[in-house]
Every structure is written in structure tokens, then in C-alpha cells.
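A.B. asks: As a plain string of letters, each chain reads:
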Amino acid sequence: MPWARWLYTTPLRLRSLFHRRQVERELDDEIRFHLERQAAENRARGMDPAEARRQAQLAFRDVSRAKEQCRDMRHLNLIEDLWKDLSYAARTMRRSPVFAATAALTIALGIGASTAIFSVADAVLLRPLPYFQPNRLVLVFRTSAETGYKGFLYGNADFLDLRDGSGSILEDLAGVATFRAFVTRENGAAEQLTRALITTNFFHLMGARIVAGRDFTAADAAAQPLDPGVLIPPGSAAILSYEYWQRRYGGSTAAIGQEMRGLGERGPRIVGVLAPGFRLYFPPGSRIDSAPDYWVANNVAYAALPRNLLIAGAVARLKPGLSLLQAQQRLTALAPSLLAKSFTPRVELLLEPMQDYLVAEVRPALVALLGAVLLLLLIACANVGNLLLVRASLRQRELAVRTALGAPHSRLVRQVLAEALLLAGAGTACGLALAWAGVRALLAIAPANVPRLENSAIDWRVLLFATAAGLASAVLFGLVPALRAARCDVVEVLRGVGRAAAGGPVRLRRGVVAAEVALSFVLLAGCGLMFRSFLELRRVQPGYNPHGLLTFYLTRDWPRLESQDGRLELLHRIQTRLREMPGVANATASVAFPLEGGSHLTNQTAPPVFRSLASAEGADFQGVLPGYFETLGTPVLAGRTFTDADNTPGRRVAVIDQLLAARAFPHQSAVGKRIATPFFQDTPWMEVVGVVASQRMSSLAEPARETIFFTDATWQTGVSRHWALRTAGDPARLAAAVRAAIPRIDPQLVLSKMQTMDALVEQDQAGTRFSLLLIGAFAAIALLLAAVGLYGVVATLVEQRTAEIGVRMALGAAPAGIFQLIVGHGLRLGLAGLVLGAAAALAVTRAMSSMLVNVRPTDPAAFLTAGLLFLCIITAACWIPARRAASLDPAAALREE
Amino acid sequence: MSKPSGLVQGTLDFLLLKILALEPLHGWAIGQRLKQVSGEVLQVSDGSLYPALHKLEQEGWIKAEWKTSELGRRAKFYSLTRPGRRELAKQAADWDRLSTAITTVMKLEEA
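Chains as they are written, first to last, in numbering that gives the first Met the number 0: chain A, 0 to 896; chain B, 0 to 110.
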């Protein structure tokens, strides 16, 4: 049993390591005892004392050699040698600080970049979701290859059909959906919360912990009324999130058993509290909020709601021992019977691991990024290896002399490896500091669509990665110089032949450097393109004036979702009150709002009867209050905008944007014409009263889409909740006044998401800015590495041709000529890489088209700027060694040979 | 190292374990015992005894303790550990098998 041996050996090893003096003394004592004991024995046999001691020594043969062997046996020498090698390496590094700093910084850049990206990839992709056995959690999607539909929301009956029919594949199936909810505070004001509706088995399925009270039981789900306007039936049970429990009830256990109150109605009874930090991990586009404030048990009754009303997302746990593939095959076979009664029977069922779905959108980019940084690290290693080779050729003589004096080859190899280790150690330490700063910077500028990004940190896994990367790179860049040191031929070097013998690696090195230049040129060109698009983005005409606008979101709990009695009157009151506020030039509200990120409704088909009319088919639609175009500063191109009189039920007037006008009414005025719409049973057409400039709704980077505008009263099914104020001065200064004014209009109004339109623009550009900064950082690092690599090659060249240069100068060559010779050589190499890079960039930037705004992937300005910048860097990298060559003293150069 | 022949090298560990299995001894006494049992067959210098002992100690097969020796001086006494006892049994078995095999082969040649 090995552990029994470790019991004895581990303390010994540790003692050898940390109590070296005592171990040494004991060795001395042991051997002295032996010698004295032997001498005593000899004396007993009748020798005189001096002879007795001499014979004892003789029998021992060589005392110091024996001690040395004992140390070897204790592995003491290994540690001692490593220490000696490292301190020798540190001394040589201190003698050439520029080299040491360059090499360590190069490694630091490589390690820093890859560690930072690894820490992000670790948090986002690798770390398992914080649920019970998360690898068995799947979402059950319905997909249709025909229409491209993919969703995991189900109606009640479909959900139950699925649950009851899939028992052989899924251990359990739970439903979850999130909604906005209003809960009244003690002072009568309403609070807007996020409410989750779940099946009673949800927390059990996910493995969520309840810290107070209890989990739901099947009895907690109250029957759901048929009226879809009432989503929480009386007598429901609720579980609070830990955070809401702390915020609202101060963490008091007295809250358990109380009812949550909502607008005079009886709310659900609180039965328990979740453990802190429980999150629903779904991607941002899935309409499931990550942190509901409270959870209500939902009774999924088979006949309670129409089959097509989607209410629950289906989360399932695979049966143990079943692979995803097996489960999918069985489910595909079962699908026709499971969906037989469904509203959409022709879709397929698809199982997708919860984590895969969460990161599907960001995985390719992150993996590409990780690949890119590892490539960067590899290049950094190649560079440092190159620099070490330059040094090795400078020190060839020293190594040869040491070999001649009796240092074994293994000692020289160890020496080179020790230097590599030292450089890698320093580089990793600096790299970790860089990574720490890098992760913080990434978190500050990252776009919001990366799930679990906030978990990125430098933890032990990241430290492990950095250490492994550091060691691997030490081996990578230390290996070639070490092998060369091992092959070092003493006689040849000392005779002076060694200098010329380096044909193969030189060609390899030049290839690596040309490739580096090419790669960094591709990145630099990409960076140039991104920068141009960023500038273009700033110049885009979005169809509104974002400066001087304050936006916010106003909602209230309407007793009935559909009728919303008194809504028009309330909206009018709010608008009038806001317009009266000092500093406000105009106020309006709309159903959707530019750059706000909500969904934009597209009307699919117009009724076929009216195909004779121009149709708004396929256009986006938007409900607004009068004053919308004036407040946003949208140019009116023809006709008029909405008046208060237009904002009455039954009016059938519309404003269309210039894109729809151009398509529906080519070469004629749209004003006064009728346009077909599918919304209203009584009159399937609207009269166009005006044409406005197109608005970029979803993003400044995306072209505007055809849009038809109605007044809020005309449309009725969506409420104008997005408010905007046109202000005279800084819009942010009005925020406090608005907050004070709103409750006085109606205490039930809930105000949220207050921000300036400029802030929305900033958020919209965050993605582009992020890509720009990221590519920029990459380009800068790659450029630096390429410069270091080029320097390494040219410096080697100068070193190897010192004698030749000496001869040329002795024969009368001017220093300027030598300078040109060397710079010319470096330039040729750089230009070769540049041409290669330009060709590669032309091929690669095509793939960037989707990220570019108003810039072609072959934009000459970006390419020329990158090329010029590159030439400067190349020249600088050749300059230093070339100047050294030009200032060589011919006599010294020749003597050195 | 002052090298004994290959056969002796491998055997030295075995002999040391065997000697220490009888009683704990210090280095000098082990050397004496070695000379007694093997006569002049094993040419082991006193100097090469200690590296071998230190190796066995590092392997965890023997352990060392400072105790008062027969002449009143403090000396480093080695004794067999439990893993050492197992190792000795294993080596003894190996040795038995090997010597049986060799003896058999020798007899074959005589026949």
C-alpha cells in the first residue's frame, strides 16, 4: 500500500526541503561516528591512534564523495541545483534588463489576454448551472422546419399531454413563465414586481433550496378561472425570493402565512422563502426574467384555457442513464401521439440542454475568442523563443567555454530551461495582473446579452489555467534554445565555425515572423473597419433627434386586461400634466419605443378581399399619442400628423413612413389614400393622413423597416406606456420633478426605466463599441508581438553577420550602407508579411459585413491607414539592430571573430 | 559511486533489509555484520554503505533514530518499517524463485 510508505517518506522529504542544515549536520555526525567507531576498533586490534584513524579513513575511501552520494539519495542536490540555476538565471537577466523585460512582457501579454478570456469562458460556458444535476436538465422545444418556429412555451392542455405521455423519457416535467405584477404598498402606492407562475414541482425538479417555510405541494395550486384577465386565482400560494423577502418584509418569518395584497383583491398566501441567489438562467431573448420577486403555484388544468394560449415554458429532467440522443430519438418517435390534439400538430419536439440553450448565442464568439487568444499566446511563445535564441547565439562562446571547462551538457540545458522558467514565472505574474484589469474592463464594457458574465473573476480555476499556460509556454519557448545548447559543439564554436551553422531554424523563424505580421495586419484592418463603422454610426440619421429627450415607462394594474376603462382619459391627463411642467417642450407616449429593445409587432397578412387596395402587409405597426412625431423630432414629409381629434375610438386614420409610402404608393402622393390593414373587422382599411421620415427602431445599426402608425385609441389592444419628454435643457435634470409629479396624477402608476434617449443610444452602440475595443486590443497586442518578432530576427541577423559587416566596413563600406542593408532585409520580411496579411484580410473582412455599418469590407481608407501604421512599426523594429550594425567598430567586430 | 558489480548492487538493498530485520543497528555495525555474513565475497566499501542506507530510508523501507550506542556515544540506528518488511518478503520470494531457476539450469547443463 503506497500510503503506508508515504507515512514515512513525506516527513523525510519535507525535512530534507526545509531543515537542510539539520539534515546536513546529522549526515556529518553519522559519518564521524562511523570513523571514530572504526578507529576505536582498529586501536583495539593494537594499532597506534594515528594509524587507526588513517585506516578508518582508507576503508571509507572518499568521505566527501560518500556524503555527496547520500545527498543525491535524499534528492537534496536536485533542489540545490534548481535553486542555483534559478539564481544564476536571475543574475544573467539582471545583466540584460531590456531583454528580460521584453521577454517577460511578451509572455505577460499572451498569458494576460488568454487568462482574461478564459475566466469569461469559464464563467459563461464551462461552469455548470447552479441546479441539482444540471447536465440532466433540458428544455422541450417545439420546432417547425417549415416556418422556422422554435419555442418552448405551451398551452395548458398541450403541456399536460406532453407530461403524461413522456414518462418513459423524462423523469419530470415542470412549467415556468414570468410576468409583471403589481402589488400595493401600505401607503396605497403600487409596486411593480416580477412574478413567476410555476407548476408545483418546479423547485423540486431544479433542486432549489427553501430557507424558510416550505416548498409547494400539489394542493397549493388553486384552480384557474376561465377569465384570462385574472391570472392569480384567490387562494393561491406564493414563495418569495430571498431578496424580496429581505426588502419587503425585513426577513421576518412572520411574513409566512400572510397574504400578498394587490389592488383590493386578495393575493396569494406566502408559504415559503427561496434560498438567496436563485436565478432562472434563460437567454435574454427568451422572455423569461432571471430574478422573479415571487413565485406562484399555477394550477395547470386541462380544460382551463384555450390550447393556443401559451403560458408555460417546459423544463424537464431526463431519466437517469438516458443519453440526450436516446431521449431525443424516443421523443421523436412519440411526438405524433403527444401532439395529436395540439393546435399545431405538425411541429417536432426537440430536447435541448438548458445550458446549451442559455449560451447558444454567445458560444461561437467566445470559442473563437478563446482560440484567438491562445493563438496570441502561441505567437508570444514563438517570439520569446526567438529572443532566447538570439541570446543563445550571443552567449554561444560562454556556453562553449563552460562545456570545455567540464560543465555537462545536461547542466547547460538545465540552465537554459531555468531562464525560461524564470521568464515564464515573471510573465505569468504580470499576466495575472493584466488579466485582473482586463476582466474588470470587459465587465464594464460588455454588451448585456452575455449570460452569467458577472460571475467572471480570477478564482483558483483561472489561477490554475494561468499557471498551466505559463509552464506550457516555458516549455514551448525554452525547448528549442535548450536543445541547441545541448547540441553545442565546443570545438566548432571555439574555432569560430559555429556562427554560420544555423540555416534551418532561421528560415522557420522568418516564416513565423511573416505570419505574425500577416495576422496582426488582418486584425488591424478589421479594427480599422470597425472604427470607420463606429464613426458612421455616429453620423446615422435615425429619423428622430435623440438629444434632449427623457424617456420612462409608466404602467398600472388595469382591473381588466382588455377593456382598460378610463385609459384614454388617464393618458390624456398624464400628457397634459407633463406638458405643463416647466422645462418641458412636449410630451408623448407610444406602445413601442425606438432602441428600447421591446418586441416590434409585424402584421403578417392583409385580408385577401382587399388585394385591390395598397396594403400595409408585412409592415411594423406602432400605436402613439398625438404629439409623438413632434416630440421625437421626426421630420414630416407630407400631409399632417395626428391631432387630439384623431385619438378617439373608431377613427380610421394612419400615418405611414417613407419606406411604406414608397412601396405602397410608388410615384404618387400617399396622403388621402386608403391602405389595407388586417386589424379591424368593421373597416379593413385606413386613410393615410401623413408621411414621415423612417425611424430606426431596433438599432441604429439596422436599417429602418416599413411602419404604419395609429393613434392609441384607434388600436386599443396595446397601451402607450413608453413616455418621452422633449426638454429645453439637460433632460436628466427633470427626472426628480417627473418622479414627484406622477404619483399625484394617479398613485397606482408605476414608473420605471427612466433614462435619457442619449443613454439608449449609448446602450445601442455598446455592442459595436465592445467589438471595436476588443478587436483594437487584439490588434495592438498582435502588432506589438509582430514588432518584437521582427526585432528578434533582424537582431539575430546582425549578430550572425558581425564578421561580414566588419569585413565590409574594413573594406570601406559606409555605415549608412550597412544600415540600409539591415533595414532593407527587415523591410523585405515585413512587406512579405504585409502582402500576405492584406490578401488574408480581404478574404476575412467579408465575414465581418454584418458587423459593419455603411462601410464596405474592402474600405480603402481602413486598409491604407493600417498599412501605413504597419510600415512605421516595421521600420522601428528594424531600426534598433540596424543602428547597432552601423555603429560597429570594424576592428572590434573582426577581433571578436 | 565506487561500483560493486551489477549483481551485488541489486543484492545490497536486499541484504541490508535482511540484516535490519533481525535488530536495529547503526551504520558501522551494519557494515560489520555485512562482512561477517558474506565473508570477502561482497566487496562493499564503508563509503558506499551510507548512500544505500539513505536510499532505503527515502523509500520508506527503513527508518532512522538517534540512540546511545554500545560505547556510550549517540549514533543513528536504522530499523525496518512495516513497508520495509513487506518489501523484504517480496524480494526474498523473488530471490528464491530466481535461485531455484538458476540452480535448475545449472543442473541441466551438468546432465
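Warning: the hint list may mix true and false statements.
Unchecked claim - PhoX-like mimics (lysine-lysine), calculated; alpha carbons at most 25 Å apart, straight line:
1. A:K83 / B:K54
2. B:K34 / B:K62
3. B:K66 / A:K66
4. B:K34 / A:K66
5. B:K54 / A:K66
6. A:K66 / B:K62
Note that these hints are calculated values from the structure, not bench results.
A.B. asks: Please write out, lowest number first, the hints stated earlier that are contradicted by the structure.
C.D. replies: none
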